[in-house]
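Residue numbers (the working numbering), protein chains in the order written: chain G, 1 to 233; chain P, 1 to 233; chain D, 1 to 233; chain R, 1 to 233; chain Y, 1 to 233; chain V, 1 to 233.
For the record, the hints were derived by calculation from the structure and aren't laboratory data. Do not rely on the hints blindly, as some may be mistaken.
Calculated pairs, EDC-like style, for lysine to aspartate or glutamate (alpha carbon to alpha carbon, straight line, at most 20 Å) [what the hints assert, rightly or not]:
| no. | chain 1 | residue 1 | chain 2 | residue 2 |
| --- | --- | --- | --- | --- |
| 1 | Y | K149 | P | E81 |
| 2 | D | K149 | Y | D216 |
| 3 | R | K149 | G | E201 |
| 4 | R | K204 | V | E81 |
| 5 | D | K204 | P | D216 |
| 6 | V | K149 | R | E225 |
| 7 | Y | K204 | D | E129 |
| 8 | G | K149 | V | D22 |
| 9 | G | K149 | V | E81 |
| 10 | R | K149 | G | D216 |
| 11 | V | K204 | G | E129 |
| 12 | P | K149 | D | D216 |
| 13 | R | K149 | G | E129 |
| 14 | D | K149 | Y | E225 |
| 15 | V | K204 | G | E81 |
| 16 | G | K149 | V | E225 |
| 17 | D | K204 | P | E201 |
| 18 | Y | K149 | P | E188 |
| 19 | Y | K149 | P | E27 |
| 20 | P | K204 | Y | E201 |
| 21 | V | K149 | R | E201 |
| 22 | Y | K204 | Y | E188 |
| 23 | Y | K204 | D | E81 |
| 24 | V | K149 | R | D216 |
| 25 | P | K149 | D | E201 |
| 26 | P | K204 | Y | E81 |
| 27 | V | K149 | R | E39 |
| 28 | G | K204 | R | E201 |
| 29 | P | K149 | P | E81 |
| 30 | G | K149 | V | E201 |
| 31 | D | K149 | Y | E201 |
| 32 | R | K204 | V | D216 |
| 33 | P | K149 | D | E225 |
| 34 | G | K204 | R | E39 |
| 35 | R | K149 | R | E201 |
Facing chain G, according to a computed beta carbon distance under 8 Å, are these residues of chain P, among others [as the list claims (entries may be wrong)]:
| no. | residue |
| --- | --- |
| 36 | L200 |
| 37 | A206 |
| 38 | A210 |
Here a beta-carbon is modelled for each residue, glycine too, at the ideal position from N, C-alpha and C.
There are 6 protein chains.
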Amino acid sequence: MNMPTPLHTQLGVVRRNIVRADAAATEALARFGSATVHEAMGRMGLMKPYMRPIHSAQVSGTAVTVLLHPGDNWMMHVVAEQIRPGDIVVAAITADCSDGYFGDLLATSFMARGAKALVIDAGVRDVRELGAMGFPVWSKAISAKGTIKATLGSVNVPVVCAGALVQPGDAIVADDDGVVVVPAADVERVREAAAKREALEAGKRAQLAAGVLGLDMYAMRGPLEQAGLVYID
Amino acid sequence: MNMPTPLHTQLGVVRRNIVRADAAATEALARFGSATVHEAMGRMGLMKPYMRPIHSAQVSGTAVTVLLHPGDNWMMHVVAEQIRPGDIVVAAITADCSDGYFGDLLATSFMARGAKALVIDAGVRDVRELGAMGFPVWSKAISAKGTIKATLGSVNVPVVCAGALVQPGDAIVADDDGVVVVPAADVERVREAAAKREALEAGKRAQLAAGVLGLDMYAMRGPLEQAGLVYID
Amino acid sequence: MNMPTPLHTQLGVVRRNIVRADAAATEALARFGSATVHEAMGRMGLMKPYMRPIHSAQVSGTAVTVLLHPGDNWMMHVVAEQIRPGDIVVAAITADCSDGYFGDLLATSFMARGAKALVIDAGVRDVRELGAMGFPVWSKAISAKGTIKATLGSVNVPVVCAGALVQPGDAIVADDDGVVVVPAADVERVREAAAKREALEAGKRAQLAAGVLGLDMYAMRGPLEQAGLVYID
Amino acid sequence: MNMPTPLHTQLGVVRRNIVRADAAATEALARFGSATVHEAMGRMGLMKPYMRPIHSAQVSGTAVTVLLHPGDNWMMHVVAEQIRPGDIVVAAITADCSDGYFGDLLATSFMARGAKALVIDAGVRDVRELGAMGFPVWSKAISAKGTIKATLGSVNVPVVCAGALVQPGDAIVADDDGVVVVPAADVERVREAAAKREALEAGKRAQLAAGVLGLDMYAMRGPLEQAGLVYID
Amino acid sequence: MNMPTPLHTQLGVVRRNIVRADAAATEALARFGSATVHEAMGRMGLMKPYMRPIHSAQVSGTAVTVLLHPGDNWMMHVVAEQIRPGDIVVAAITADCSDGYFGDLLATSFMARGAKALVIDAGVRDVRELGAMGFPVWSKAISAKGTIKATLGSVNVPVVCAGALVQPGDAIVADDDGVVVVPAADVERVREAAAKREALEAGKRAQLAAGVLGLDMYAMRGPLEQAGLVYID
Amino acid sequence: MNMPTPLHTQLGVVRRNIVRADAAATEALARFGSATVHEAMGRMGLMKPYMRPIHSAQVSGTAVTVLLHPGDNWMMHVVAEQIRPGDIVVAAITADCSDGYFGDLLATSFMARGAKALVIDAGVRDVRELGAMGFPVWSKAISAKGTIKATLGSVNVPVVCAGALVQPGDAIVADDDGVVVVPAADVERVREAAAKREALEAGKRAQLAAGVLGLDMYAMRGPLEQAGLVYID
């Protein structure tokens, strides 16, 4: 089962077995992008907009989580062992920190384990190399500042990353617009809603391109008038 | 039971019955303050330091949570009904917002319901009146900007407030140093650890006041030398 | 007449005669405070919430405006001459700057001219002395950093201060919640609306203190149900 | 005429007829870029530097303005109808907000109406698609966060966008250095000043490339010595 | 001698003997305050304005410096031993951090050693207790977040604190306006310049209070006219 | 000799003869990048991560420094004359400022003098042209805002730039990860340490790519167990 134990008991813990969101449904979320998926969830689940890609990318995957301390990346090596193909590592820090927790060596290791991306609420470095390697990263900062390996954190516990709660196994959808978290149990339902939304948008796009106004396409003129909108010359 | 359902299903939901942390143990946490309680939890559970008191105060209480939308305080009236004496309202917003969600009228209502404080990841207003009323508030901002009442949020769902996960019923300890969240199941254990820590500190304080150095009191000279510390003239 | 000429033609200009908002009506706005006045204006006219009082205060007055350059407070001496009793000086800068443009000497001069307060989109210094003198200031920063006197700005031109457009002669209402700008032509209308709003609030406050819920007082239960709000146990 | 009525009376208003800056002169401003145009205006008219292009671009056009509420993009559909070929939509928000007000559907509609760009003091989304479509956008943030359609704002009223006052019909010049606002009445005069400035710069560039120092080219050595500059070895 | 060795060789070093600025002259700087002292130094030496007092205070003293790592306050105990009566501890961090490095226990120790204040480019906690103890602190943040003791820093090496270079033994002047650093060799010269400046200000204050304008007192009307200032009605 | 005189005596000073770091060793640092060099220095010497390249680049060179005032770029022309081939200009400001101090004309002059790059704790403009010219710039901001030429600063004095102390002649290494300062006396030693570090990384990279875990490669399992790490299923 995937129920969180209280957070404060979880320092120094690595959970090996987690229930991952369905692989195929998670994989299918990538092409919708973070905006459509977030809308399909009822406008929920987004990380804060300071979480940005270091290079343009669009991916989805299942979350393995890691909780680290400021200036200490020891647990990044511990989480590497828990990665399975299709996973996205989601890294949270116990206090604000912009240090460079992750670079080309760790990326080499993560890729060898099958990781699809990293989402980290701190800084990364070797960004040019990461681009050349084609390993997608979303981070709060870019910083050459190195870290130490002194204090235990945890792996695969619930974490708060850039303002969003992430449970191990949740689906992550990330692109140039941001990062959204889909609870594992809802992935299929969200995929369907996103597909519906996208299908609707195709028709709307054609109308708008033809010069139809959103005012008419969405039948907004009545509600706007009722709300009191006044046109003057 | 208190297990969270996935967040995105929870817009438009009010949970009436929540399991609150033990009232006496929660009440007892206040005098330790946020720093000692946070240490007693293994240095976990703190909200980000931008969460500041609008007036100096020190309280503890059980969390009733509310999730609101940017610029919309409709659910503040819904949460008022769920307040029981001894509660602290913890308000989270689905996106960054500094608007003034709360003022003297809502404070009057919250106080009449027995609320001990408000912790809100947004702005408040009427801060002079709130000080005169003696109602403690921790917030991200102070702003006269008003809000609308148009969109549903939820009450007593798990929320992320200033970077910390808060489950309904958790204990909240807030003072001039910040705000810490104690999972309901751990309140008694944390109280004991905090009491021990405080007892130890009293003896340390006396020694330090007498001129004993922390270097000696904590037996740090050996470890520092071993780590390579060099004294030069 | 008070119509703005294009902004870029106005460097190096001092307008001596401005149409000030009605003195009595402006004076009467102070006691309502910025939140009530802002609501009475249809939730418009607020400066951004980074504009904070250096000491708790509540005032209203008519705006004389000054536009300065980063790190240059020359025009503060020019605007002093244009102050009339009851005025509040509103100072804008052509680019972001936190330097200390204003201290106890300028405050002495402003008070001698009858100024009621300063609102400045930059820094001030001598804040302890300003508190002792009882001269209210709202600013973006506190900084000991001094300024030079090298470049012309303007006095009594329209300025953008902390995100709000201020025309010379507009009424300014400032308190611990923030700063609001009332167009000169609307002061009496806004005063009436604010008085009405305040009168309504008195009755509401009594009900809320007696334990009536906002849900009932504002008849929100129907609209909430219609919007889909669900109560669960 | 184009004189602003007081701002607070303007919620819920759409002005259909505005006086646009001369089309040819406005068009001609683009190639000078924001830095040269801003200098030609006496170093005035710039938006704050947080206003950044989502993709490299350089354009000019006439402003149609829209005032929106935090988290609410209803008026974006209203402003679409007021766009004429050559316009740039300038969007201001009544309080700080980073939500994604604009994406590929609205861009499709704006392009069909002839809009040349969007400048928005908030967030946008679908940034990859916007790049593929070739629709230039300057914004404060990128965010997948969706918005609602609940509250009236206004169209073609004076707005404050990123610290700059924009009147409907003003010329906007935007490039990778930022965004500058040219009052409609001054466009021709500014165009001439910018052309002169640019002509002068060509000669200077050649001299500097040949190794002539600015110290000599601008005859600065005398003034520097007079100001007290001392050379030491 | 007090010449800095290269910074990167200085991790893990404690310098015991430093040349402190003259005690009497340093003591005498306090009453001038940071603004006057900074002006007396030619508008140099200020820390950035985010360095704020946790409680109103005005002090001066000689700097003992400490360089710490993010989230690690081990060296605070090492620096305690190097404090002499009249010193102010200046703490710098190798990367941005807002954790609470300092609380009432360390303050007890610092006071027992004769320290007059702490200036720290990070966070502190126990702020209510620090106020009650009367120990002045300037910091970047207030945070209950605890720190570890794992990595060596240095004591009495040159540090950059809030943007200012501080050499061990320099004089520090701190008040509600900010913090200024006076090189040890210049304290007497700066004291004299500050005294002169203050004497001049007394006369100016009297004139301004009597209604004389700065325009006349500083003979600014000529230079302003020459610069092109135009008065219009 | 290269010992700094007190900072406040140095306004209005240009030092012509500085001791530059060894040219060949400085040149050799570029290929290691800022992260490796910073690690080779014991994790010291980095500027704050807000210092970002305006276009992707990787360079090293010897520092010529310039200290400027907010909004005033006069000294940029003075420093141009002091540039020798292989230098990187490091520009510090006496207070926070984001104005555009530098554009294509100054870049033309700097390139003609042999400068390899600019690192500036303020804003720059003409960023598209700078990219086309291939002149690398690291800055705090991009802004079209122009500057004046009114107040003296200094050239080749010690400066604090983005939180790092830079002595004239120090080596600067800058890339997409940030900017690091190497004291002139340490360049050869740092070069050797960086080369060793890089050689070690090549072997590690191969192992990690082959699927070896950092846990095993770095022999972390023992220390992690000793620290109390617990694996659960």
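Outcome of the hint check:
For the hint pairing K149(Y) with E81(P), the CA-to-CA distance comes to about 47 Å; that exceeds 20 Å, so the pair is violated. In summary, the hint linking K149(D) to D216(Y) is supported, as the alpha carbons are separated by about 15 Å, within the 20 Å threshold. Simply put, K149(R) and E201(G) have alpha-carbon atoms about 17 Å apart, close enough for the 20 Å limit, and the pair holds. The hinted pair formed by K204(R) and E81(V) meets the criterion: a straight-line CA distance of about 16 Å does not exceed 20 Å.
At most 20 Å may separate the alpha-carbon atoms for a hinted pair to count; K204(D) and D216(P) exceed this at roughly 62 Å. A hinted pair counts as satisfied when its Cα atoms are at most 20 Å apart, and K149(V) with E225(R) qualifies at roughly 14 Å. Between K204(Y) and E129(D), the direct Cα distance comes to roughly 16 Å. Compliance with the 20 Å bound is thereby established for this hinted pair. Only pairs whose Cα atoms come within 20 Å are accepted, and K149(G) paired with D22(V) is rejected, the gap being roughly 34 Å.
Taken as a hint, the K149(G) and E81(V) pair is broken in the structure, with Cα atoms around 47 Å apart against an allowance of 20 Å. In summary, the hint linking K149(R) to D216(G) is supported, as the alpha carbons are separated by about 15 Å, within the 20 Å threshold. At roughly 16 Å between alpha-carbon atoms, K204(V) and E129(G) fall within 20 Å of each other, so this suggested pair holds. Between K149(P) and D216(D), the direct Cα distance comes to roughly 15 Å. Compliance with the 20 Å bound is thereby established for this hinted pair.
Of the pairs offered as hints, the one joining K149(R) and E129(G) is violated, with about 43 Å between alpha carbons and a cut-off of 20 Å exceeded. Taken as a hint, the K149(D) and E225(Y) pair is honoured in the structure, with Cα atoms around 14 Å apart against an allowance of 20 Å. Straight-line distance between C-alpha atoms of K204(V) and E81(G) comes to about 16 Å, which keeps the hinted pair within the 20 Å bound. Taken as a hint, the K149(G) and E225(V) pair is honoured in the structure, with Cα atoms around 14 Å apart against an allowance of 20 Å.
Restraint check for K204(D) and E201(P): not satisfied, since their Cα atoms lie roughly 48 Å apart, outside the 20 Å limit. Between the alpha carbons of K149(Y) and E188(P) the distance comes to roughly 28 Å, so the proposed pair goes past 20 Å and is violated. With a CA separation close to 32 Å, the supplied pair K149(Y) and E27(P) exceeds the 20 Å bound. The straight-line distance between the Cα atoms of K204(P) and E201(Y) is roughly 48 Å, outside the 20 Å bound, and the hint therefore fails.
With a C-alpha separation of about 17 Å, the suggested pairing of K149(V) with E201(R) holds against the 20 Å cut-off. Among the hinted pairs, K204(Y) with E188(Y) is inconsistent with the structure: their alpha-carbon atoms are about 25 Å apart, more than 20 Å. Only pairs whose Cα atoms come within 20 Å are accepted, and K204(Y) paired with E81(D) is accepted, the gap being roughly 16 Å. In summary, the hint linking K149(V) to D216(R) is supported, as the alpha carbons are separated by about 15 Å, within the 20 Å threshold.
In summary, the hint linking K149(P) to E201(D) is supported, as the alpha carbons are separated by about 17 Å, within the 20 Å threshold. Of the pairs offered as hints, the one joining K204(P) and E81(Y) holds, with about 16 Å between alpha carbons and a cut-off of 20 Å not exceeded. For the hint linking K149(V) to E39(R), the alpha-carbon distance of about 14 Å falls within 20 Å, and the restraint holds. The hinted pair formed by K204(G) and E201(R) fails the criterion: a straight-line CA distance of about 48 Å is larger than 20 Å.
Restraint check for K149(P) and E81(P): satisfied, since their Cα atoms lie roughly 17 Å apart, inside the 20 Å limit. With a CA separation close to 17 Å, the supplied pair K149(G) and E201(V) stays within the 20 Å bound. Taking the CA atoms of K149(D) and E201(Y), the gap is about 17 Å. The hint holds against a cut of 20 Å. In summary, the hint linking K204(R) to D216(V) is not supported, as the alpha carbons are separated by about 62 Å, beyond the 20 Å threshold.
For the proposed pair K149(P) and E225(D), the alpha carbon gap of about 14 Å is at most 20 Å, so the pair holds. Between K204(G) and E39(R), the direct Cα distance comes to roughly 43 Å. Violation of the 20 Å bound is thereby established for this hinted pair. Restraint check for K149(R) and E201(R): not satisfied, since their Cα atoms lie roughly 49 Å apart, outside the 20 Å limit. Interface restraint check: L200(P) against chain G, minimum CB-CB distance 20 Å, threshold 8 Å, status violated.
This hint is violated: A206(P) has a C-beta 30 Å from the nearest C-beta of chain G, more than the 8 Å allowed. This hint is violated: A210(P) has a C-beta 32 Å from the nearest C-beta of chain G, more than the 8 Å allowed.
Checked against the numbered hints given earlier, this structure breaks hints 1, 5, 8, 9, 13, 17, 18, 19, 20, 22, 28, 32, 34, 35, 36, 37 and 38; the rest are met.
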